[in-house]
Amino acid sequence: MAIRRFKVWRGDAGGGELTDFQIPVDPGMVVLDVLHRIQATQANDLALRWNCKAGKCGSCSMEINGQPKLACMTRMNSFSETETITCQPLKTFPVIKDLVTDVSFNYEQNKRIAPFKPRPRDADGQYRMYQEDVDRVQEFRKCIECFLCQDVCHVLRDREGRETQSFIGPRFMIRVASLEMHPLDTEDRIPELKKELGAGLCNITRCCTEVCPEHIQITDNGIIPLKERIVDRFYDPVAIIGRKLLGIRKRTKTRSEEAAQGAGSEDRDG
Amino acid sequence: MATHLPVIGGHADGFGRTQRTDGWRRGPLITLIVFLTFIGYTTWAALQGKHYYSDPYLSPFYSPVLFTTPAGMVAGSAPVSHAWFGTFPSWWPSFVPLSPAILILVFPGSFRFTCYYYRKAYYRSFAGSPPACAVGPLAQIRKYRGESYVLLFQNLHRFALYFALLFILILGYDAVLAYFKDGVPGIGVGSVILTINVVLIASYTFGCHSFRHLIGGRKDCLSACGKPTVASVSFKQASWFNARHTEFAWASLLWVMLTDLYVRLCSMGVIHDLSTWSN
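First to last, the protein sequences are chains F and S. Following the numbering used here, the numbering of the first sequence begins with 1 at its first residue and continues without gaps. Following the numbering used here, the numbering of the second sequence begins with 1001 at its first residue and continues without gaps.
Among these hints, one or two may not hold up.
Derived lysine to aspartate or glutamate pairs resembling EDC-like cross-links, with alpha carbons at most 16 Å apart [unchecked claim]:
#1 Lys1219/S with Asp185/F
#2 Lys1219/S with Asp232/F
#3 Lys1219/S with Asp188/F
#4 Lys1227/S with Asp135/F
#5 Lys253/F with Asp188/F
#6 Lys1219/S with Glu132/F
#7 Lys97/F with Glu17/F
#8 Lys1120/S with Glu1247/S
#9 Lys1219/S with Asp135/F
#10 Lys1236/S with Glu139/F
#11 Lys117/F with Glu187/F
#12 Lys1236/S with Asp135/F
#13 Lys1236/S with Glu132/F
#14 Lys1120/S with Glu210/F
#15 Lys250/F with Asp232/F
#16 Lys111/F with Glu145/F
#17 Lys195/F with Asp232/F
#18 Lys53/F with Glu214/F
#19 Lys1227/S with Glu132/F
#20 Lys250/F with Asp188/F
#21 Lys1236/S with Asp1220/S
#22 Lys253/F with Glu196/F
#23 Lys117/F with Asp1220/S
#24 Lys1219/S with Glu187/F
#25 Lys56/F with Glu139/F
#26 Lys253/F with Glu187/F
#27 Lys53/F with Glu145/F
#28 Lys250/F with Asp236/F
#29 Lys117/F with Asp185/F
Not everything, but these chain F residues come out facing chain S in the computed CB check (under 8 Å) [stated by the list, open to error]:
#30 Gln67
#31 Asp158
#32 Pro183
#33 Glu228
#34 Val231
Stretch by stretch, here's where chain F covers chain S in the computed footprint (C-beta under 8 Å, at least three residues) [what the hints assert, rightly or not]:
#35 1014–1021
#36 1120–1129
It is worth saying that the hints were derived from the structure and are not from the lab. C-beta: ideal position from N, C-alpha, C; glycine also.
This is chain F alone, in the form it adopts within the complex (with noise of 0.2 Å):
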């Protein structure tokens, strides 16, 4: 039994500090169940979130060396003897109390998606799909809500994207990705992810993906096929000729922007 030394960040909304603690650490042992051990031995009122301790739950999300991390799936021999782990909350969220974070800003983004909407069912009254279809939106489903990703995505955390509720980030970006790639789906969600979404501030820097511990290739599956859907749509001259003299309608307002439009003609026809 080796004793080890953490730093872990107590506070609130109002302030905080990183606290030293010298702890003895177990073979075996990961950073959730050092931080358990602190809690029981040392500081009672420690607050953290956890659940199922075996990487599914993406509850104990935390930066533990500066990394976005789940405590629960980082090993205390993947640092040195004599290295110090830090343990902070999550920086892009607000602050509840000491490790804990309020991540309600993710459950507000995923309202802002369209749901999905099946076409209709087959003659016989099911929904027929073939698995190599659904190969692709079936990795977007082992999503674990970590909020890693939102963690990380520096359009979240270094500027005003959760001020201004701008980018939807990478999480939702995926359920996007699993929506307009499903092969049942016939929900349009092209102009909004342009216009309202924020699609256009991912500059690729794939750190969205560095941290997933689901291993989903967020960046290479998810956001770059979505953002090649909107060159599709509004950038490519050579496919928007192509549909005008073909005559195919692809949307390119979004509903607040078509809804504007109806009210205004309305308002002149009254």
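Following the hints, position chain S against chain F.
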């Protein structure tokens, strides 16, 4: 003992500030050095206008040769028969070096500049936006606008792709020619280098995200009632290359520079190409 930090959560703020204790500076620094070396070397090589051809090898920086200089005028230039439009025209501006590379490098250059992998590399290493994950970005105070104004250019990656696909054919043709000297079939170290070059560039191009989108990714249903289609098979193949896009981007970048250097040194007589044509 407690450490007081000004930000809630104890997070460091400001450019390059972080609580990370790993070697996060290494990646962006290596990228910066290699890319600056590549840009410096390519610019220098493109402005030379000489020693880009050593029969039967043509430097990829100069392919295709649209114009060349008359025979014997410039050492190590491509023969007139190799140029698409013969010798440089009389209207060629006198202040522009007589270098065929100037006319073509914009195409592979724009392909790499708008590439989704290279965007990560240069945003991190050159723009510090951010320099690494969970590290304070350079332009923290200024309002960040993402793809806007001149950066909307990045959305035209697929047009750069079309030219990149054309370049695979051209470089492939050059690689085939590298196995024939004066009509005699053979093989040299340069033939192998030129072949590896086109293979790496093709592997990088076939992993392009725009390519993957255009050949099938744009569809929600790739299969025909669960049976493979051209689109679904192509998408799977492109996805294999796409998963290795970073590796091929680096390998092709370094190899194309090495290929030019090899042809240049052969042309200058600094090294002797080991080949079946050697006496």
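So which of the earlier hints does this model not fit? none
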